[in-house]
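> Here the protein sequences line up with chains A and B, keeping their order.
Just so you know, the numbering used here puts 102 at position 102 of the first sequence, and the rest follows in order with no gaps.
Numbers in the numbering used here are just positions in the second sequence, counted from 1, shifted up by 1000.
Heads up, a few of these hints could be off.
As the list claims (entries may be wrong) - Over 10 Å on every C-beta distance to chain B, these chain A residues come out as not near it, computed from the model:
1) G18
2) L19
3) P22
4) T24
5) G28
6) V33
7) T35
8) P42
9) L67
10) F86
11) D88
12) R127
13) G129
14) D139
15) F140
To be verified - For each label pair, taking beta carbons as the anchor points, the in silico distance ranges come out as:
16) A:P147 / B:Y1433: 45 to 55 Å
17) A:D16 / B:T1513: 44 to 54 Å
18) B:L1618 / A:P22: 52 to 62 Å
19) B:F1647 / A:G93: 51 to 61 Å
20) B:T1513 / A:Y78: 32 to 42 Å
Please keep in mind that the hints were generated in silico from the structure rather than gathered at the bench.
Built from N, CA and C at the ideal position, the CB exists for glycine as well.
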Amino acid sequence: MRVPLYLLAAVLSGCDHGLAPPETPPAGAIRGVVTYTGTWPPRSEVRDLRFVALRFIPRDTTDLLQLNRMVFSETLAYGVPADTFFIDNVEAGTFPFSGVAQRFGTDPLAWRPVGLYRENGGLFQVRPGEVTELSLTVDFANPPPFPP
Amino acid sequence: MFQVFIRTFFDPPSRRSVPALWLCLCLAAPAAAQTGTIRGTVQDADAQPLPGVHVVVAGTPRGTATDAAGRYRLEGLPAGEHLLAVSAVGFRRAERTVRLAPGDTLTVNFVLEEVVLQSGEVVVTASRRAQLSNTAPVSLSVMTPRELETRNVVALDEALRYVPGVQVQENQVNVRGASGFAYNTGSRVLLLLDGATLLTPDSDGLPLDALPMAQVEQIEVLKGPGSALYGSGALGGVVHVITKPFPETPSSSVRLFGGVYEPVRYALWREKWDDAGRARPFGGATLTHARRLNDRLGFWFNLAYRADTGYLNFSRLWLVQGYAKVGYRPRPGLRLDVLAGLLARERDNFLFWNGGRDALNPGNLSFTPGTSPTGTNDAFNNQFSLLPAFTHVVSEQVFYTLKARLFAVVIRPIDDVTGKPRSVADGTLGFRYGGETQVNWQVRPGHHLTTGASFDANLTRSSFYVTTDGDELGGQPEAALFAQWEATPGNHLQAVAGLRFDAYRIDAAETVTRLSPKLNLAYTPGPSLTLRAAFGQGFRVPSLAERFTDNRDFVPIARNPELRPEESTSVEAGLRTLLPLSRTGGIRLDLALFWNDLANLIEPKFVPERRAFQFVNLTRARIRGLEAALDLDLADERVRTRLGYTFLDANDRTAGAPLPFRPRHLLLASLDARLIGPLEAGFDYRFASRPERVESDFARFVPDADLLVDTRVLDLRLAVRHGGLHLAFLVKNALEYYYLERPAYLAAPRNYTLRLQWTH
């Protein structure tokens, strides 16, 4: 009795084991140079500064909360004329909107772009096994309009 | 012989004895001048004593339960002719008419014949008074101690996974799709412990760990709105945990269990967390003792310890829990019970994963590398409950109960640096307290009036709250009046009408009121068929957490004091039938069609203007479907099976899309079989189809939050019973099937448990 019922249950369950880790997607890297012009705001107004690349074009600031669809660098240095960043293991794909983002307040969502990547209409691609080179300019006094 | 059973079971209510109130089962009637005593024993066909058997005097609230030696005693019965009715789960009901002379002590012994079909269990949730389950004109499922024991159930959520139509999503109970998923904030299912509301004061969640599971007499699950009797929270159903009475002779038990989670199958997951490659242990112990000290005083206690290293990174748990119940009967007709419990628990709350490729680690919403993951928090939790209840049998027809309740919760977050609990000022301190009175009046045979009033207050201070007046203290007092009339006109029809008025004080300036009606009909045209129809309305007042939480530590949440109550209107039609297959075996079938309209459903929604999630009244929904529950007893009682299937059509009428987090199909199949000698085996198989929709706002933050699969879980068990010893080996999730208990939260992998219990 037990064996047939076990088999029945096994048949009901199918042969798969349910959830499996999704395939690891092919990945590349992003290397960039950021050049600063103009005057830096006070330190208290630059709570964080990072390069952020989005896989979509944001419609408003709330779209920036789609952390799953963006990559970002380590914190960039404050008060320097230029800085570099390198982001490894970036899932290959297209990034139509990217730039340097400044966190200006205590609110975790208080971020704004202060310099965009503009070459090729602002779009770049990360290809498997390749390093994509970018260069950006940041002028805190003239931030780009947002939403774009 | 079986026809006798059928006839007994399906006799119209007016001709069958129905115990009037479970809460009074151990009460004797008030002393009278011309009284006598009936005593005796209840045994099975093998002359083994049957403990816990209900013995009632038909048509009256008089009754008791047998002790561990199968003995019972009914004192203070008026002289005259009485019909004694004896019923127990798993046994054929027995009745005997006796004539009692003044001053006499009659000995009336019963031998019950075992049956497999659980057709005559006494339930109390459907009508706030005891009745046989087949007379309840609503959908109701019952779990027995035996079912809890064989599955090594140590917490309520584990028990509810085996109830047809119920789905447990980690710590949230979902009856027929009434609940979605809201991190246990604002349960749409009400929890009662011995008739007293037991929802956490801060979030109105179910305290699943804080129940004396080894002293549970039975668990009843009412499916559908229960607000007409129980008020807020019973929007989608009621789970009622009923504890055991006191035995005549001392009874003790010791349960030890231990087990391991098997290392996960996938190397990618193991790479991300070293411990995933090792067996992760868990275990626990439970000690119980119950006894009567004398004719007036009895008690039991339940001590439990549990530790679990967890199968997810940051999901450890340890807890110590103690419960005690004391009963005092100063004289016949009066009874005072006090149930008190205490819980100390430290637990890592795994909130959401770091994606499908890193399912065992919590995710992180922070931009800053190296900070603590926001996908988990850990806290030290104390809970205290005190539930006194007083019952007075005024006459043969009238008795009343007075109840009070206090439920306190202290939550202290664990400091990331020191690893010790921080001050309660950084956490939550909450109290829910109140009282209730209920009068049961048997106006005339077959006509019952149940009426009462209740009051509750909720006072919680939390560092997560910002209330309307700006401080961290929230309160939500509430009061209610309720009444229900039951009538059995003729021999075939039973009608129940009820109405409850609730008033909730939202703040100093506003009070919200609700009227919750219900109407139930049951029709028994023949000996093997009962038809039923039910209409009811329910509502749920937003919890303090939903209204006042304002925090950005984990996920940005903004408060919303303007939340309105959720509402539901439900209709149901169903039938129960019993078909004999052999002398003692048969099929019991319960079918239900249900239709539930829900309004103002509260859901967490990302609000762009606030740049945070907010609980908002968002959705109008319709949940309709059907449910079939089939109990089969085969092979001369040696094989018992249960099948439950629920079809859900859950639609968000606001969005014009499926209601998120609800499966379309639920299936439950269970089998228990006696093999050779003392050897027993069984299995449970649970299936839930993949939800058709996941709330997209959640997936904005959490990687792969929309990654869901069907739930297909097979649990196996093998046990040996010898005397008071019970040794069991359980394999849960035996097919090593990986699924998600709820979005971004992997359910337990295959795990093994060895359990030893000694009962004396």
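> Are the hints correct? Go through all of them and say.
Here is how each hint holds up against the structure:
1. G18: 4 Å, violated
2. L19: With a cut-off of 10 Å, A:L19 comes too close to chain B, as the shortest Cβ separation is near 4 Å.
3. P22: 5 Å, violated
4. T24: Answer for A:T24: violated, closest chain B Cβ roughly 7 Å.
5. G28: At roughly 17 Å from the nearest Cβ of chain B, A:G28 sits farther out than 10 Å, so the non-interface label holds.
6. V33: Holds: least Cβ distance 21 Å, greater than 10 Å.
7. T35: Nearest chain B Cβ is 22 Å from A:T35, so the label holds.
8. P42: Label holds. Min Cβ-Cβ 20 Å, cutoff 10 Å.
9. L67: Since the minimum Cβ distance to chain B is about 6 Å, A:L67 lies within 10 Å and the statement is violated.
10. F86: 14 Å, holds
11. D88: 13 Å, holds
12. R127: 21 Å, holds
13. G129: 19 Å, holds
14. D139: 23 Å, holds
15. F140: Given that every Cβ of chain B is farther than 10 Å from that of A:F140, nearest at about 19 Å, it holds.
16. A:P147 / B:Y1433: 45 to 55 Å: 51 Å, holds
17. A:D16 / B:T1513: 44 to 54 Å: 52 Å, holds
18. B:L1618 / A:P22: 52 to 62 Å: 30 Å, violated
19. B:F1647 / A:G93: 51 to 61 Å: 40 Å, violated
20. B:T1513 / A:Y78: 32 to 42 Å: Violated: the Cβ-Cβ distance is about 58 Å, outside 32 to 42 Å.
Checked against the numbered hints above, the structure violates hints 1, 2, 3, 4, 9, 18, 19 and 20; every other hint is satisfied.
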